[in-house]
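Residue numbers (the numbering used here), protein chains in the order written: chain W, 19 to 226; chain C, 534 to 1496.
No lab work stands behind these hints: they were computed from the structure.
Fair warning: there could be bad hints in the mix.
As the list claims (entries may be wrong) - Quick list of in silico lysine-lysine cross-link-like pairs, DSSO-like style, CA-CA up to 27 Å:
| # | chain 1 | residue 1 | chain 2 | residue 2 |
| --- | --- | --- | --- | --- |
| 1 | C | Lys901 | C | Lys924 |
| 2 | C | Lys923 | C | Lys1161 |
| 3 | W | Lys46 | C | Lys756 |
| 4 | C | Lys1060 | W | Lys21 |
| 5 | C | Lys1161 | C | Lys1110 |
| 6 | W | Lys46 | C | Lys1216 |
| 7 | C | Lys1110 | C | Lys1066 |
| 8 | C | Lys769 | C | Lys1216 |
| 9 | W | Lys185 | W | Lys170 |
| 10 | W | Lys88 | C | Lys1273 |
| 11 | C | Lys1077 | C | Lys1060 |
| 12 | C | Lys1273 | C | Lys1336 |
Here the structure is a predicted model, which is why all the values come from computation and not from measurement.
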Amino acid sequence: MSKQYQFKLVLLGESAVGKSSLVLRFVKDQFDDYRESTIGAAFLTQTVTLDDQSTVKFEIWDTAGQERYKSLAPMYYRNANCAVVVYDITQTSSLEKARTWIRELQRQADPSIVIALCGNKTDLSARRQVSQEEARKYAEEEGLMWGETSAKTGEGVSEIFTAIAKKLPLTAPQASRAGSSARPAAGRAGVDLSQQSTPQAGGDQCNC
Amino acid sequence: MGFMEDLVRTLLRQTELVDVAIEAEYLPGATAASTDSDIALGNRRILAVVFHPGSFGGPEEGSVFICKRTPWGDDTGLEDVEIDRIIPISDAFSISMAQTRRNAVDLHGNTTASILNQSQAGFLVTVVPGESTEEESLTFFTDNTQALRVLVAECKRFKDQAPGGAEFVGSYQAPEPFSWLRHYLSRTKTPQLSSLAWDIRVTNTPLHAQLSPASAGSPGDDKFDATVVQHDWVSKTAKATTTREQFQLKLRVGTFNVNGCIPSQDLSSWIQGTDTTGVGSIDLSPVSPLGSAFTGINTVLDQKSPIEPETPLTAKTSITTIDEYDLPDIFVFGFQELDLSTEALLYSTSTFREDTWTTAILAALGEKATLYEKLASKQLVGMLLVIFTKKEIVGCFSDIQVSSAAAGIMGFLGNKGGTAIRLAFTPPDTKDSTRALVPTVFTFVNAHLAAFDEMYEKRNADFQDVSRRLTFPTGSVQVMDNGNATSASAYSIYDCDVLIWLVYLNYRLDLPDQDVRDILDSQYEDKLETLLKYDQLRKAIRTKKAFEGFLEHSITHLPTYRFSPGLPTDALGYDMKRKPAWTDRVLYMHDPSIGFHQTSYTGHPRITFSDHRPVATEIDITINVYDKGQLDSIARKLYRQVDVLEHPSLQPALRLNTDSLNLGTISYRRRVSQELRLENTGKIPCAYRFIRPEDEAPLYPEWLNVEPLAGLILPGEVVNVEISAYVGDKAASELNLGPKELEWTFVVHTIYGRDSFVGVTATYEYTCFATNLDRLLRLKGSARSLTSPDDLLPEENARNAPKDFMKLINWLMGADTDLNVLFTTSADENLVQVIQECLDTGEEFTFSKNEEKTAIAIAFGATILQFLKAMPDPVIPASLHTQCAQVTNRDDAFELLEAFPPASVNVWISFTAFLHFVCQSSEDTDARVVQLAMIFAPILLRDDDAYPVSPFKRRRFLSFFMS
Chain W
19 MSKQYQFKLV LLGESAVGKS SLVLRFVKDQ FDDYRESTIG AAFLTQTVTL DDQSTVKFEI
79 WDTAGQERYK SLAPMYYRNA NCAVVVYDIT QTSSLEKART WIRELQRQAD PSIVIALCGN
139 KTDLSARRQV SQEEARKYAE EEGLMWGETS AKTGEGVSEI FTAIAKKLPL TAPQASRAGS
199 SARPAAGRAG VDLSQQSTPQ AGGDQCNC
Chain C
534 MGFMEDLVRT LLRQTELVDV AIEAEYLPGA TAASTDSDIA LGNRRILAVV FHPGSFGGPE
594 EGSVFICKRT PWGDDTGLED VEIDRIIPIS DAFSISMAQT RRNAVDLHGN TTASILNQSQ
654 AGFLVTVVPG ESTEEESLTF FTDNTQALRV LVAECKRFKD QAPGGAEFVG SYQAPEPFSW
714 LRHYLSRTKT PQLSSLAWDI RVTNTPLHAQ LSPASAGSPG DDKFDATVVQ HDWVSKTAKA
774 TTTREQFQLK LRVGTFNVNG CIPSQDLSSW IQGTDTTGVG SIDLSPVSPL GSAFTGINTV
834 LDQKSPIEPE TPLTAKTSIT TIDEYDLPDI FVFGFQELDL STEALLYSTS TFREDTWTTA
894 ILAALGEKAT LYEKLASKQL VGMLLVIFTK KEIVGCFSDI QVSSAAAGIM GFLGNKGGTA
954 IRLAFTPPDT KDSTRALVPT VFTFVNAHLA AFDEMYEKRN ADFQDVSRRL TFPTGSVQVM
1014 DNGNATSASA YSIYDCDVLI WLVYLNYRLD LPDQDVRDIL DSQYEDKLET LLKYDQLRKA
1074 IRTKKAFEGF LEHSITHLPT YRFSPGLPTD ALGYDMKRKP AWTDRVLYMH DPSIGFHQTS
1134 YTGHPRITFS DHRPVATEID ITINVYDKGQ LDSIARKLYR QVDVLEHPSL QPALRLNTDS
1194 LNLGTISYRR RVSQELRLEN TGKIPCAYRF IRPEDEAPLY PEWLNVEPLA GLILPGEVVN
1254 VEISAYVGDK AASELNLGPK ELEWTFVVHT IYGRDSFVGV TATYEYTCFA TNLDRLLRLK
1314 GSARSLTSPD DLLPEENARN APKDFMKLIN WLMGADTDLN VLFTTSADEN LVQVIQECLD
1374 TGEEFTFSKN EEKTAIAIAF GATILQFLKA MPDPVIPASL HTQCAQVTNR DDAFELLEAF
1434 PPASVNVWIS FTAFLHFVCQ SSEDTDARVV QLAMIFAPIL LRDDDAYPVS PFKRRRFLSF
1494 FMS
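Start from the sequences and build out the full structure, keeping to the hints where you can.
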């Protein structure tokens, strides 16, 4: 019997590094050249099937990167099983901002949170300011997952989410009991959906 | 896709698809075995295979929808399709077909002989819903062989991929099998908006308060919220777009604790309301015990609906009343303590008392008695509830049900408790007798709750208990519970449009006995209002301990309790054993769409044989009358229009015109507002709600307001949300201590969608109002000139008196004007604003030459009142109030000033000296002292629950300084 998991994932990072584009590529395999800045937080879901046929469903909160909304961010990363902190490889300052986010997560988020550092916009590598070595070294020091992506070409996108999907069931604490609530973010722990008891087949609601 | 498929599609959400649909004839009672026997002409049905594309990787799920076609009520010539039954294609489902030859069936309504005589070839199709023997198979006939083969094949295909009981592995996100059917099942069971009895407490709750708890990042229960918003929108829109007529009913409702007496006086003053001498109704504007939240409830009929009706309402609205005489259409009387004998407590079978009182009521009606007839009654030991109506409208009442609940000794003896009557009123239809009109449901409760002053908590518990246990069986009626079909076994007293409690409540006054009597015997104009501040019932409503959400008309009559013959009495005739109180009350709650106007609410002191005085009220009720068929049909269509708030491939798309609003400068008691435009740019309807930015935070701070906080927006539609700022006393007292630059981020949640942020900024202007004395003394200059909240004089350099307040007094002392009009005449708000602005800026008071000096003086008086009222703490600290109340002479009063904080002494002395001056300049100094004490004592020595002090004694203390 294959397993089903459900995890809450939050995207953080400076404004205009491509968080929403990354999610759009991952969820819908699409790309818009001119995306509006996210003013708020979007909720999306995507399911990844792993080699052993188990499935991982991501509940994704794509948050606003603008500084003025920073105070609201904890509301979105609380109870998250993983955070993808995105920077733009053509902007050194965006990696600095990513470091700030990571420090905040390490200080305030749940200690078991899996953090992935993601350098976006590899299609613009001609203008690269952040070297792979520098980022990888930082990630290793902090114990983060790391990868580079291009939301525009799709390069590396499914790889980084699949890597997270593989890692999460191993690290996230299992819920002792699956919650009955359908609310996203309801449960802190990842949920192994296959452990839930089999509900009754349709009969009972159909006595019309 | 053919015509049948199109018809069925009109019933579906965008999330479901029609596979195939055929027309067939339902053969009730037929089985596959009895093939070609004589078959009566049956009902037309549409058999359709409807499926739900698999969600979250699951298989497609199919169901057989059996639909009925019914002609439309209006003149469009269209047909309406209704879901008659739904059979999910589970692995237990089976379908079979068998060829038959039979007499022709008229499927198309053509009753020509040639068709009838033809023998017709066709198929019988038998559907077996499941293995259970309780579920009968259904048989249909059709001659559309080709389509039938497709239908059967599709059924088999869905059956093969149907989730079986054992193999299915559930998850809490992947829906249970066939959960999508719930939507349609609830629709087949209760498709009618008109027949739903919604809890009146819910209909009186604002939409946003009905939604699930939510905050940023935790959207709450979107599914539940979607259902609530949809229903709200459909019912409001349907009612606004349906032709409506209005109908007026006059009710007379009376309550009387008869103390075991039998009627020994003429009751006509109470029954007919012909005599109200001595308890004259003064101001009859409805007053809510909940404060301003409910004011204007009687004008709700005039409110704009979310969607404008096609033609102006006035053109369609006609008001009908039963007759032109002003007699009540319905009398409702509640009696308590009919029989105090011990036997009655145990065996309450006798109808003797009920008959006696019924006779007395009819006698009191005199010759008019012939116009009326007893409609219903319910007695429980000493409690009797009886309803009379005009004979000509007896036929308008239906579904009359009674109930009772005992709450007396040991919780079951019927000396306490309640009796209730529920009934539906459908107005006589003078225009079109073929129409079915939507009835209005009334519930009346007559209750008697625990006695004695100190039983306050017990009374509250009794109320909760009695209101829960008074129920009425629903029969076979199914009610909707948040969109899911459930069968409720009983209606509660709240499942109605108008709920009226007529009660002997035993709620008393939280004041010492002598205070109550002194105040009642005083000449104060506001004596009743003063006492009612200490009324336990109002306190229970305020603190939501009992009667939450109920309203009561303002009380302008004297307490109705207690006048025990033979006992010593006070000057007003109240006996000395019990504290006078308003124990006999009429409370109500009604659907916001119903006009409820009380024209009187009085006691009847001339009926003296009981230890209570009876109370009666007259109510004009305006109900909206809808055509049931039209309302339901419109509601069904509207439901279909907004069914899909969640779609597998389409995201709700809500666009905000801005992500930041600057409200500019905001100052004390000046309202500013801006509009936020929400546009649905998507293809499906969407719903929005403002949610908390943090779990524990409020939706918005005290100084901000948003309207409306939740709603549904159709594709392409724009909703304007008003974001406004108003700094009242409470907000100012907080903002005065904080930074000038204000900011707030609103979180707008789209149901099934994203959270959007809207930042609001404003610059606050500090004010000297809503500031405590010690802070006022440390202001360097004007409040407005403060650079930060901490920009104050050092404590040791504090002033002796608050200069802003002294400026107001000084102006009036120096003004050569008539001071007799001060504090009692209402002021020109513009002038008050000018004075307020001058105080805050520190500028000289300047007025245009046209202003009359008297008007300016009155405005100064109003500003003084405002200044004192707005102070977060009273001029005299609450801890000193008890001492103030104990003072019995002028010398002691002045001596007590030494105990006051220095700042309080200075304000007190200068202000009371000014009041003394005002009194001296009056022709009737004593009367003026009484009047000013009445106005200022409750402000200067403000009520504090921790230090309860008689209002009377507080006035006395202040008077020592004025006279």
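Taking the hints in turn, this is what the structure says about them:
For the proposed pair Lys901/C and Lys924/C, the alpha carbon gap of about 11 Å is at most 27 Å, so the pair holds. As the CA atoms of Lys923/C and Lys1161/C are separated by approximately 25 Å, the hinted pair is consistent with the 27 Å bound. Distance restraint check for Lys46/W and Lys756/C: the Cα-Cα separation of roughly 24 Å lies within the 27 Å cut-off, and the hinted pair is therefore satisfied. Distance hint between Lys1060/C and Lys21/W is unfulfilled; the C-alpha atoms sit about 74 Å from each other, more than 27 Å.
About 56 Å separates the Cα atoms of Lys1161/C and Lys1110/C, which puts this hinted pair outside 27 Å; it is violated. Our distance criterion of 27 Å between C-alpha atoms is met by Lys46/W and Lys1216/C, whose separation comes to about 18 Å. A hinted pair counts as satisfied when its Cα atoms are at most 27 Å apart, and Lys1110/C with Lys1066/C qualifies at roughly 22 Å. Among the hinted pairs, Lys769/C with Lys1216/C is consistent with the structure: their alpha-carbon atoms are about 22 Å apart, no more than 27 Å.
Restraint check for Lys185/W and Lys170/W: satisfied, since their Cα atoms lie roughly 25 Å apart, inside the 27 Å limit. Note on Lys88/W and Lys1273/C: the hinted pairing holds, with a Cα-Cα distance of about 22 Å set against a maximum of 27 Å. Between Lys1077/C and Lys1060/C, the direct Cα distance comes to roughly 25 Å. Compliance with the 27 Å bound is thereby established for this hinted pair. Restraint check for Lys1273/C and Lys1336/C: the C-alpha separation of about 23 Å stays at or below 27 Å, so the hint holds.
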